[in-house]
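Q: Residue numbers (the numbering used here), protein chains in the order written: chain A, 1 to 359; chain B, 360 to 475; chain C, 476 to 604.
Just so you know, not all the hints are guaranteed correct.
Interface residues of chain A toward chain B, partial, derived using beta-carbon atoms under 10 angstroms [to be verified]: (1) E62; (2) G144; (3) I148; (4) R159.
It is worth saying that the hints were derived from the structure and are not from the lab. We put the beta carbon where it would ideally sit given N, CA and C, even for glycine.
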Amino acid sequence: MALKTVIPFGPQHPVLPEPIQLKLVMKDEVVQEAIPHIGYVHRGIEKAAEKMDYVQNVFLVERICGICSFLHALCYCEAIEKLLPCEVPPRARYLRVIWGELHRLQSQHLWLGLFADAFGYESLFMEFWRNRERVMDLFEKTAGSRIIISTCCIGGVRRDISDEHLEEILQTLKEVERALDHSIPALLEDYTVRKRIVGKGVLTAEKAVELGAVGPVLRASGIAEDTRMTGYAAYDELDFKPVVETAGDCYARAKVRALECYQGIELIRQAIQRLPDGEIAARPRGRPNGRVVTRVEQPRGELLYMVAANGSQKLERMRVRTPTFANVPPLVAMLPGCEFADVPVITLSIDPCISCTER
Amino acid sequence: MRMLRNVMRNLFSRPSTRLEPQRRAPIPGVRGTVAFETADCVYCGACGLRCPAKAIEVDRPARTISFDLFKCVGCACCVEACKKGCVQMREAYAHPSYQKPDILFQGAPVLKREEK
Amino acid sequence: MSAPPGGAALPDIEACEEIELSALRAAVQRCRDQRLRFITITCMDMGETFALYYHFDEKLKMRHLLVHAPRAAEVASISDIYFAAFLVENEVRELFGVNITGMAIDYHGHLLLTEDNEPTPMAKVRMEG
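Next comes chain A alone, as it looks inside the complex (with noise of 0.2 angstroms):
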């Protein structure tokens, strides 16, 4: 008779640099059970920003998670901003998406060398952040500063881009996107790879949507849901599809990622190219008061903030709802059944950011 044996993955794994821990409740070599446990970076963020200057929150919420820092600035501005209300200028309102997708490109580039780390293929990982420092240089051109840009504030933005360093993105987005060709079939078409991903971690449509799956976990499962879809910052009026695969497994939510980053390149070409000239930012006027509900699509999927105010300085209370809180029960339904090696691959599948999850 086969025991059961309860092994703790995590908080510190070599695979992960998150500290989430999984009990696994293991029988022989099956997982039957997975219990996830939080709690390690837990910062109080939402707490900290009660006390905090409506304006100063801004650069409190670029730090709730660094990889996506200025779609967390952008999804607050938004809120204050319908709340103050205040129009934003289309200059900013492109420069916006510029940004967030910039942002979107270098996360994806992360996950994908993590992704890859996480079975091993250590060349290829080197191969995707070598990539990714090319979109790091951009932002240090174009903002200042490579992770948290704070360039975004409410009523638009702070730095403007300049028409060579507008050139100089085209330019390293075709030296990206090159690179992407020569790394990404590496990654997909390799038959070692895909025999480590292909069928592993399965969610189904109905699944994802009952455990309130959101972002490429929720796209790799064949629904179509892509929060920039609703319109916030200019993808009103840019084209783009939602990246869909219906297979639900670890290698289709790899493709929705890797397709996403060429879908980001394409983004920023459309915006430069229609990006209007004028202001870059309005001057806000009176104080919040209200409340409101916004989101917009991290690159790890929809971001809800719900912001109360309440017509003083401070904020009554600022809600963070990231995409990794709700892609934790989805990872959790995935895990039973699968074999301990794969429980890695599984885990780094849904892109975790835990600092994101705990606030």
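With chain A fixed as given, assemble chains B and C onto it according to the hints.
A: Using the frame of chain A, we list chains B and C on its own:
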């Protein structure tokens, strides 16, 4: 043979990594570290009020600005807040250090009217 | 929400349905039957009561349920209807002290906090005991 070509290329090409910030010139336009120019400063405290990380403390009567480099998040809010242009971002990265000193800027005492 | 002294209506959450605490589970079950995607729960401490927003997504349109729960009232868990709710229910209970019962996975107040932390850090009024 193909491998030999790769070996030769890797032997003689430049490293694909970049030097650490201390040994290369910063990219122009980078938000590096905050620098204060206290000659024109009126010690209004706007920079300290706007700072989201509370890294700047301005003492108006004593005419001092104390700045904690390790709290600074490099957002450049203080630069935007300063009406006199006394706060600037230097295009240089902060160096690593063993201590966390508060940087103190001492302004000249206010001259009384009769002394002028 | 009450109108401000100026008279203009405050921007409020659209498509928000206010329901009784006892009708919560039936309303959530209706959402489940319509195949809505559960997003999250937002808790707000209003002093006497907690305002609990349940957010749902229907083809990129948002729908919200609002429940006012008195401080000591027992709020039934919805994690058997939507399994995805178990994490956020644990979080709301820990950070605010809302008495949510019957969660699918119960962390007993130690999802985010440890024994050394003071309880209910997000609540505006500190609970006794």
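Q: All hints, please: hold or fail.
A: Status of the hints after comparison with the structure:
no.: 1; hint: E62; result: 9 angstroms, holds
no.: 2; hint: G144; result: 4 angstroms, holds
no.: 3; hint: I148; result: 7 angstroms, holds
no.: 4; hint: R159; result: 9 angstroms, holds
Checked against the numbered hints given earlier, this structure breaks none of them.
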